[in-house]
Amino acid sequence: MDINYLTAHKLKERLIKKEISCTEITESIYSRIESVEEKLNSYIRLEKKNALKKAAEVDRIISSGGDIADFTGIPLAIKDNICTRGVTTTCASKILENYTPIYNATVIEKLEKQNFILTGKANMDEFAMGSSNENSHFGPVRNPWDTSRVPGGSSGGPAACVAAGEAICSLGSDTGGSIRQPASLCGIVGFKPTYGMVSRYGLVAFASSLDQIGPLTRDVEDCAALLNIICGHDENDSTSIKAEVPDYKKYLGKDIKNIKVGVPRELMVEGIDREVKEAVDRALKLVEEMGGSVEEVSLPSLEHALSVYYIIAPSEASSNLSRFDGVRYGYRNLEQKTLRKMYRRSRAEGFGNEVKRRIMIGTYCLSAGYYDAYYEKAQRVRTLIINDFKKAFGKYDVLISPTSPTTAFKIGERIEDPLTMYLSDICTIPVNLAGLPAISIPAGLSSEGLPIGVQIIGNILREDNVLKAAYSLEKAVGFTSRPELQN
Amino acid sequence: MKDKFESVIGLETHVELYTNTKMFCGCRLSFGQEKNTYTCPVCLGHPGSLPVTNRKAVEYAIKIALSLNCKIQKYTIFHRKNYFYPDMPKNYQISQYDLPLGTGGYLDVDMGDYVRRVRITRVHMEEDTGKLVHTGETGRISESEASIVDFNRAGTPLIEVVTEPDIRSPEEAKEYMVNLRNLILFLDVSDCSMEEGSLRCDANISVRKAGADKIGTKTEIKNLNSFKFLQKGLEYEVKRQIKILEGGGKVIQQTRHYDSQTETTKPLRSKEEAHDYRYFPEPDLVPMYMEDKAVEEIKKTIPELPSAKIKRFEKQYNLSGYDSSFLAGSRDLADYFEKCCKCYPNPKNVANWIMGDFSALLNKDKTAISDSKVTPEDLCSMLKLIDKEKISSKIAKSVFEEMFDTGKDPDSIIEDRGLEQISDEGMLESIIEEVLKNNPGPVEQYRQGKKKSISFLIGKVMAETKGKANPRMVNEIITSKLS
Numbered sequence: 001m002d003i004n005y006l007t008a009h010k011l012k013e014r015l016i017k018k019e020i021s022c023t024e025i026t027e028s029i030y031s032r033i034e035s036v037e038e039k040l041n042s043y044i045r046l047e048k049k050n051a052l053k054k055a056a057e058v059d060r061i062i063s064s065g066g067d068i069a070d071f072t073g074i075p076l077a078i079k080d081n082i083c084t085r086g087v088t089t090t091c092a093s094k095i096l097e098n099y100t101p102i103y104n105a106t107v108i109e110k111l112e113k114q115n116f117i118l119t120g121k122a123n124m125d126e127f128a129m130g131s132s133n134e135n136s137h138f139g140p141v142r143n144p145w146d147t148s149r150v151p152g153g154s155s156g157g158p159a160a161c162v163a164a165g166e167a168i169c170s171l172g173s174d175t176g177g178s179i180r181q182p183a184s185l186c187g188i189v190g191f192k193p194t195y196g197m198v199s200r201y202g203l204v205a206f207a208s209s210l211d212q213i214g215p216l217t218r219d220v221e222d223c224a225a226l227l228n229i230i231c232g233h234d235e236n237d238s239t240s241i242k243a244e245v246p247d248y249k250k251y252l253g254k255d256i257k258n259i260k261v262g263v264p265r266e267l268m269v270e271g272i273d274r275e276v277k278e279a280v281d282r283a284l285k286l287v288e289e290m291g292g293s294v295e296e297v298s299l300p301s302l303e304h305a306l307s308v309y310y311i312i313a314p315s316e317a318s319s320n321l322s323r324f325d326g327v328r329y330g331y332r333n334l335e336q337k338t339l340r341k342m343y344r345r346s347r348a349e350g351f352g353n354e355v356k357r358r359i360m361i362g363t364y365c366l367s368a369g370y371y372d373a374y375y376e377k378a379q380r381v382r383t384l385i386i387n388d389f390k391k392a393f394g395k396y397d398v399l400i401s402p403t404s405p406t407t408a409f410k411i412g413e414r415i416e417d418p419l420t421m422y423l424s425d426i427c428t429i430p431v432n433l434a435g436l437p438a439i440s441i442p443a444g445l446s447s448e449g450l451p452i453g454v455q456i457i458g459n460i461l462r463e464d465n466v467l468k469a470a471y472s473l474e475k476a477v478g479f480t481s482r483p484e485l486q487n
Numbered sequence: 001m002k003d004k005f006e007s008v009i010g011l012e013t014h015v016e017l018y019t020n021t022k023m024f025c026g027c028r029l030s031f032g033q034e035k036n037t038y039t040c041p042v043c044l045g046h047p048g049s050l051p052v053t054n055r056k057a058v059e060y061a062i063k064i065a066l067s068l069n070c071k072i073q074k075y076t077i078f079h080r081k082n083y084f085y086p087d088m089p090k091n092y093q094i095s096q097y098d099l100p101l102g103t104g105g106y107l108d109v110d111m112g113d114y115v116r117r118v119r120i121t122r123v124h125m126e127e128d129t130g131k132l133v134h135t136g137e138t139g140r141i142s143e144s145e146a147s148i149v150d151f152n153r154a155g156t157p158l159i160e161v162v163t164e165p166d167i168r169s170p171e172e173a174k175e176y177m178v179n180l181r182n183l184i185l186f187l188d189v190s191d192c193s194m195e196e197g198s199l200r201c202d203a204n205i206s207v208r209k210a211g212a213d214k215i216g217t218k219t220e221i222k223n224l225n226s227f228k229f230l231q232k233g234l235e236y237e238v239k240r241q242i243k244i245l246e247g248g249g250k251v252i253q254q255t256r257h258y259d260s261q262t263e264t265t266k267p268l269r270s271k272e273e274a275h276d277y278r279y280f281p282e283p284d285l286v287p288m289y290m291e292d293k294a295v296e297e298i299k300k301t302i303p304e305l306p307s308a309k310i311k312r313f314e315k316q317y318n319l320s321g322y323d324s325s326f327l328a329g330s331r332d333l334a335d336y337f338e339k340c341c342k343c344y345p346n347p348k349n350v351a352n353w354i355m356g357d358f359s360a361l362l363n364k365d366k367t368a369i370s371d372s373k374v375t376p377e378d379l380c381s382m383l384k385l386i387d388k389e390k391i392s393s394k395i396a397k398s399v400f401e402e403m404f405d406t407g408k409d410p411d412s413i414i415e416d417r418g419l420e421q422i423s424d425e426g427m428l429e430s431i432i433e434e435v436l437k438n439n440p441g442p443v444e445q446y447r448q449g450k451k452k453s454i455s456f457l458i459g460k461v462m463a464e465t466k467g468k469a470n471p472r473m474v475n476e477i478i479t480s481k482l483s
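Which chain is which? The protein sequence lines are A and B, in order. Just so we're aligned, residue 1 is where the first sequence starts under this note's numbering, counting upward by one. Just so we're aligned, residue 1 is where the second sequence starts under this note's numbering, counting upward by one.
Everything labelled a hint here was simulated from the structure, so no lab data went into it. Virtual Cβ for every residue (Gly too), placed ideally from N, Cα, C. It is possible that part of the hints are untrue.
To be clear about the criterion: a stretch of chain B counts as covered by chain A if any three or more of its residues have a C-beta under 8 Å from a C-beta of chain A, and this derived list gives those stretches [unchecked claim]:
id: 1; segment: 78–85
id: 2; segment: 89–97
id: 3; segment: 101–113
id: 4; segment: 235–241
Here's a subset of chain B near chain A, in silico, CB distances under 10 Å, partners left out [unchecked claim]:
id: 5; residue: V42
id: 6; residue: L44
id: 7; residue: G45
id: 8; residue: P47
id: 9; residue: F151
id: 10; residue: Y277
id: 11; residue: P281
id: 12; residue: E282
id: 13; residue: P283
id: 14; residue: S325
id: 15; residue: F326
id: 16; residue: G329
id: 17; residue: K384
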């Protein structure tokens, strides 16, 4: 098997047995990148030189008896909205095209302690706004399963590079489905932890009350291992939870004989692809075969989730993105003679259309006279959604739904139609509004050979239930396909 | 006859707290350091950085709110106030909006013949902005080529104290500020320097016919950054508004800037501007729940405040109302006074010296008593020397001046300058006999009943001893010799 297609835990075994070196792993990743990157555009920036240097250093550490932790010497791609000291962090925006952070995000500090290898900064929708990765200043990412199709978004780069063997794992961010939806469309595993489990310090904010960093991996075991590292309280993030971080790997392989699964009627939406529905039904059947119970359940408030999200997220974004003004860093139009004109031109030229659209929506929703009708009301409906989930988790251990109502769509198909595009996240958005943990795992391929994902949602801080169910289902589904991307 | 007008004034005061670190990051507060050296990703508003609330700043703010008799909200949150300006790193200020830390307080302002109770609407917490520095000699934006932003101040903890429109004259406004500043100085949470901008004040002001219920159209006056400017600016604005109303005109609601050179106010912006700050709850911070117990603990750390101290001084030291207010009105003076009273038994004497010669010298030098070279111990030693008749009160004045200038203790000054009072009876007698012998005229006049002549003779003795003779003894000896 190709080295670059192994999982982190398999590579760790080989490193321990000295069957392979970090340099070999890293080289195999870059040789893959060099052959497919032109087709995929998964990366905004590659860090080959530093990565190989680091790999050699890790090899020396290992050969002198140093510890091999789960991600020691493992090449990871990092979404380009996570700050990496000394390495540009652009958020796929012209406005931050040349921005180099002076500090590391907390998650990067944690990975650094394990001596991971940073392959590069992965492409994304500008400021994580989008579901197709078409909104990137650096061009769209293409789906490795069919390069005429989108990889999903906004973590399209992190998903595509893992699916295509251009990285072993990656970190993305998920505000309304931005990890799970591209994971689903690219046939890999993507996890959004409970809000507050992973520090947001160093994640360039899109919508502060919804954003969460999470792993994109090839299997559930790597996912649990990566969660072990990135989760935990951080005093630099006031919204981070002071909860014990269990060893997530210990939940893998536990049977799910008595697991109670609810299937939210509102997430098996109209407009869902027949094949997607069939794949989810097959997965539910497998759960039953393993001894779990499956029931349909109604969470009536979920029908408002999309509306609520498209008020709250843009509102927060309109404020979060106001710091990009050309004054201290980032793009500045140098031709303007007045402050106001400099602000206007820098922002008009620095931001793309989708970002501008959301800044305008958010600014409107927060304006005097509209705040009560939009932002305030949306927050109240958000509480109803939270309560509906609470009620459901009184009865069920996990909820299962499709991750995305459709498989990967064609590039350009929805870009002119924002409302249809927004529907791509209809199954994932409610989870962010309620701050819940959820995973997307592959559930099979469509007749066109495109991956289908199934979403497993847990109650607050019940990552354990999600991982248990995901691991068992992953084994039962036995998804082993790989994109036939020509080398 | 013209109608009488009264002014209706409300004040918004910003106070920089002197915590060790900034409001939402670990940077230390700066005082005139090189530009942009006291900064970090958080206070520079770098992408991905997040605020963390400084607990000490919250504690200080609670102290101020409690001292202003406010109710501390059990549940309080931060809001974002959104507007673009280059001194704002994030283009929003983390502030408080509809759930401020403290509400419903008051401050009693003693106006001499009456007390004005000024109600406090709210006390809230926020972060300070950076500073714009305009290049060029004048520092004026209109004459500069470029503006530089210094973010050292960005993120400094601020509290804002907002009053109800309860103030009725520019003088009351000034007194309110004096009282507020004093109160905060007592709490030791800010240096309240109006010159350095750690205490800043804006005023809302309108006028109306005396006795009217309705409040007139107000203007907001900015740049009232000294007690003098506050009073002058408001006085000008009152006159301006009255003139408009008397002329049958209407006051326009606007923001005006006080110009201390011309002592007038001018509209700050020509266009009518209605800012929409788009306040919404700060999603990067969690709500704060103020436990009663924690607030009680903070309350215990609040020192005795001016009003209570004045009452205590009157009682404990048997001082007049005037003396108590003078001494207890400032924390520095009060502390100094009480230190002296610990090592010297006559408080009235201490009070007289502090309020008299000492204050005169301090005023002349523009020094605070806490910065003076004279220690309370030295002042007490000097008072004891007077009591023991080692020096006269007159000599003491000159000794004290030297103490004030050099910080030397009184004993060494007296010794160095040979100022010790002559209280040796034998020595005094021989000097006096000499004086009497040389001045037979006045001696004769005295004996004939012209008692005033004794002053001349005493004067001669003092001149002879360069002022060092013990005046009481001289008086006694001459009187007995002449009788």
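We went through each hint and held it up to the structure:
{"no.": "1", "hint": "78–85", "result": "holds (count 3)"}
{"no.": "2", "hint": "89–97", "result": "holds (count 4)"}
{"no.": "3", "hint": "101–113", "result": "violated (count 0)"}
{"no.": "4", "hint": "235–241", "result": "violated (count 0)"}
{"no.": "5", "hint": "V42", "result": "holds (8 Å)"}
{"no.": "6", "hint": "L44", "result": "holds (6 Å)"}
{"no.": "7", "hint": "G45", "result": "holds (5 Å)"}
{"no.": "8", "hint": "P47", "result": "holds (4 Å)"}
{"no.": "9", "hint": "F151", "result": "holds (8 Å)"}
{"no.": "10", "hint": "Y277", "result": "holds (8 Å)"}
{"no.": "11", "hint": "P281", "result": "holds (8 Å)"}
{"no.": "12", "hint": "E282", "result": "holds (8 Å)"}
{"no.": "13", "hint": "P283", "result": "holds (4 Å)"}
{"no.": "14", "hint": "S325", "result": "violated (45 Å)"}
{"no.": "15", "hint": "F326", "result": "violated (47 Å)"}
{"no.": "16", "hint": "G329", "result": "violated (41 Å)"}
{"no.": "17", "hint": "K384", "result": "violated (56 Å)"}
Checked against the numbered hints given earlier, this structure breaks hints 3, 4, 14, 15, 16, 17; the rest are met.
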